[in-house]
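Could you put together the complete structure from these sequences and hints?
Chains as they are written, first to last, in our numbering: chain Y, 6 to 263; chain B, 6 to 263.
These are calculated hints, taken from the structure and not from any lab test. If a hint is listed, it holds; no wrong ones were tucked in.
Any copy will do: because identical chains look the same in the list, a pair fits if it lies in one copy or spans two.
Calculated cross-link-like contacts (lysine to aspartate or glutamate; reagent style DMTMM-like; alpha-carbon spacing at most 25 angstroms): (1) K9 to E26; (2) K131 to E26; (3) K92 to E56; (4) K124 to E84; (5) K129 to E23; (6) K146 to E11; (7) K131 to E191; (8) K216 to E73; (9) K92 to E73; (10) K27 to D53; (11) K165 to D197.
Protein chains: 2
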Amino acid sequence: MENKVEYLSSLRITPDGEKVEKDVVVREVPLTIFLNRQEIITLMCTPDDLEDLALGFLYSEGLIENKEEIDGITLGEEEGSIRIELKDKSPVNLEGLKKTSTSGCGKGGIFLGQEGKTKKVESKLKVSLFQVLSLVREMEKRSSLFRKTGGVHCAALAEKEKILIYREDVGRHNAVDKVIGNCFREGLTTSDKIIITSGRLSSDLSWKAGKAGIPVVVSRTAPTSLGARLAQISGITLIGFARGRRMNIYTHSWRISR
Amino acid sequence: MENKVEYLSSLRITPDGEKVEKDVVVREVPLTIFLNRQEIITLMCTPDDLEDLALGFLYSEGLIENKEEIDGITLGEEEGSIRIELKDKSPVNLEGLKKTSTSGCGKGGIFLGQEGKTKKVESKLKVSLFQVLSLVREMEKRSSLFRKTGGVHCAALAEKEKILIYREDVGRHNAVDKVIGNCFREGLTTSDKIIITSGRLSSDLSWKAGKAGIPVVVSRTAPTSLGARLAQISGITLIGFARGRRMNIYTHSWRISR
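Here it is in structure tokens:
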């Protein structure tokens, strides 16, 4: 936890007056990812689970496919870099990646105009309403960093009954990439899993879940138009506004039993 | 407004039962920006104020400096592209941009290791506590799209007494870029302005405000460590958790009079 936060002085003003206090804020640092010695990207992130983050990012971008390809991972934490070497040392094709550069909370490019090419998630998983809501509650209980700083997103991979992987990051996508990266590294089956995120369900989330073959995506907040469309095409059950005893199921509702 | 939202069917589940209803969700579409016919980036965004978005993005990235440089702007809304032509037709240097590629809600690269080179905001602006809180309330009143969909961020440029520019987008950075782009296009003075955002105060926000020369940045939510550090270095007053009658002032509190 200590690695994930910093303490800053702030002048705190309330109706009762003002005083200087120590505030806990989430750490944000740059991490530059190299693949076969090629510089791929610099992510602004919260410095823990950096191997998971790098692997999840590269996997979501289609730059790595399975862990057998990987020859070694070297984390240079001091200099904010991570180097991933593949067994195949040929130069990495970055044509796809360059177009995905993105600002804002949307993830651009990869699947644009390629909806037909989207991988369909093949899974017969069914989950009950009660299970989904329990998992959301469970994730919220775990989000202590968020409660402390108000500045991070969290994401979790769960099976029906419990959360298996839980990650936090200053970046919405990063939290999901950390989860997917860990899943990739552990070689977990994904077709029977559920991903839960604290963030909005935009197209990049549906893309990442589809790429990883995760059939159910849940958030306590809203989807975007393209997030829902991509989930529909990819065979993903997309659930928003999952709070208390409520939820809105946008796509493939047959997976949710009542 | 109609351009900014879509209506989707969702299966809405509540303690009282379930029914299929029309849900309003925020539109998310790709916009590819070309500068002098070079493809720069594809942003996932909410389709309004696209000229402001493109100009604000290019300005924040240091690819354009003033509106006199610009020869023409052509919006191809159908195909999701915007083409900006400069009077100077020489190829654009994208070396800096490539490193800024980013995932997640952090904006990478540009200023990394360049803290010494950060432009200092020169402004003697002072704003009262009351004015800051009024402006936050005013922005919240305007955020009707957010209230409808739960899926957008908003940003505003204000002078002491009132909001001058208000923009919304599915992307946190995009909302800010739309504000800065409009400011750029209108040729507004920035040293006496305040920027308010619904999103977290990460490094990219401090970077964008610094680049635009805006001395006060306010949010109802949290800063990150690097967001605060960059604001400190850039001479920006950074205010988080501005809600009701409270706020936390992280940097350069001398600008806020009580």
